[in-house]
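Asks: Take the sequence shown: its position 302, counted from the start at 1, is 302 in the working numbering, and no numbers get skipped.
Bear in mind the hints are in silico, worked out from the structure with no lab data behind them.
Worth double-checking, as some hints may not be accurate.
As the list claims (entries may be wrong) - Taking lysine to any residue and the SDA-like style, the derived pairs with C-alpha atoms no more than 20 Å apart in a straight line are:
| # | residue 1 | residue 2 |
| --- | --- | --- |
| 1 | 183 | 102 |
| 2 | 225 | 235 |
| 3 | 183 | 61 |
| 4 | 183 | 5 |
| 5 | 225 | 241 |
| 6 | 183 | 34 |
| 7 | 183 | 172 |
| 8 | 183 | 99 |
| 9 | 225 | 70 |
To be verified - Ranges of calculated distance between the beta carbons of each label pair, as one might list FRET restraints:
| # | residue 1 | residue 2 | range |
| --- | --- | --- | --- |
| 10 | 78 | 1 | 18 to 26 Å |
| 11 | 231 | 145 | 27 to 35 Å |
| 12 | 125 | 90 | 47 to 55 Å |
| 13 | 18 | 166 | 41 to 49 Å |
| 14 | 125 | 77 | 26 to 34 Å |
| 15 | 2 | 32 | 24 to 32 Å |
| 16 | 110 | 132 | 19 to 27 Å |
| 17 | 179 | 215 | 43 to 51 Å |
By construction, the Cβ of each residue, glycine as well, lies at the ideal position given by its N, Cα and C atoms.
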Amino acid sequence: RGNTHVRIPRCYPELSTSRVLTMEWLDGWRFSDPALRRDSPLDLAAVARHGADMYLEMIFLHGFYHGDPHPGNLVVLADGQIGLLDFGMVGRLDESMREDIENLLLAIVSQDAQQLTSLVMRLGAVPPGLDEAALSVDLTEFVVHYANQPADAFDLAGALTEMIDIVQRYHIALPSSFAMLIKVLVMLEGTGRLLEPRFSLMELIQPYQRTMLRRRMSPARQMRKMRRLYADVEQLVEILPRRLRDILQQVDAGKFDVHLDHRGLEPSVNRLALGMVASALFLGSSLMLAQHVWPIRDVSVPGVLGMALSMFLGWRLLKAIGKSGRLDQRK
Numbered sequence: 001r002g003n004t005h006v007r008i009p010r011c012y013p014e015l016s017t018s019r020v021l022t023m024e025w026l027d028g029w030r031f032s033d034p035a036l037r038r039d040s041p042l043d044l045a046a047v048a049r050h051g052a053d054m055y056l057e058m059i060f061l062h063g064f065y066h067g068d069p070h071p072g073n074l075v076v077l078a079d080g081q082i083g084l085l086d087f088g089m090v091g092r093l094d095e096s097m098r099e100d101i102e103n104l105l106l107a108i109v110s111q112d113a114q115q116l117t118s119l120v121m122r123l124g125a126v127p128p129g130l131d132e133a134a135l136s137v138d139l140t141e142f143v144v145h146y147a148n149q150p151a152d153a154f155d156l157a158g159a160l161t162e163m164i165d166i167v168q169r170y171h172i173a174l175p176s177s178f179a180m181l182i183k184v185l186v187m188l189e190g191t192g193r194l195l196e197p198r199f200s201l202m203e204l205i206q207p208y209q210r211t212m213l214r215r216r217m218s219p220a221r222q223m224r225k226m227r228r229l230y231a232d233v234e235q236l237v238e239i240l241p242r243r244l245r246d247i248l249q250q251v252d253a254g255k256f257d258v259h260l261d262h263r264g265l266e267p268s269v270n271r272l273a274l275g276m277v278a279s280a281l282f283l284g285s286s287l288m289l290a291q292h293v294w295p296i297r298d299v300s301v302p303g304v305l306g307m308a309l310s311m312f313l314g315w316r317l318l319k320a321i322g323k324s325g326r327l328d329q330r331k
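Let's have the full structure, built from the sequences with the hints guiding it.
Replies: So, in structure tokens, the structure goes:
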């Protein structure tokens, strides 16, 4: 409201039903319309910048944004305003998620690989056994690759797509709201380049750093954080004494149990047991062969059978280890 560069179609509830939504007609050129670039007298580079600024305001200021900015859903009106169509997909970001995404974009802009690695691990669901050092190396190479690109030529869509590929390679699951925002930013830059081939979303995000920092330092926001912190501390103060009392009572009654959840031990235990059986069978068969137990033509039949079985078990054990590459993990 109050932004002179955006036009949201008005809805007419009195002419709508549960099956039909009646909205204001916006007369203009869609971004995908070739006539926009051929016939429009407007400064299309300025229109692209206004559209990007509009989205940055929706995302980082309001946390509620139009989630499908493909060229068919954006209309350029005769006065240069941008009309938004099709609100079937919208994104919502809470304040903490907005801060993390702001920090992530700022880490890419400032080429801070260490901060980027920390944010990726905090944002996503990290699998057990993550190779953090390898992830840090890959993200460092990613940042170095884009470090020398000037802001006006920075390929933000390509950078975000490559970063998502790196994160997926390490099986880190990102929140759906974050994945949707990445898709919107990638789509937004592609849409902007329909109007201005040299359009760069990163060029607009860089000056936005000052707005982000100023908003974070505002007294109103600091008061909101203090209220949330006070509520969390108050809840902790209420719960902690009761929980400590319960633990002490269990210890005093001898009922305090520690439950251990082992992961990935079954293959190791099975292989250890199989190896012991194969070894014992091999040694026993060797003794029967040496002592000529139940011989046929001076050869111990049980010894030969036991030796063959022990060799088969040993072969199965080696094959299982070869498939996994490790003794304590099954592929």
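Asks: Taking each numbered hint in turn, which are not upheld by the structure, reported in ascending numerical order?
Replies: Hints 4, 5, 6, 9, 11, 12, 14 and 17 are the ones this structure does not satisfy, whereas the remaining hints hold.
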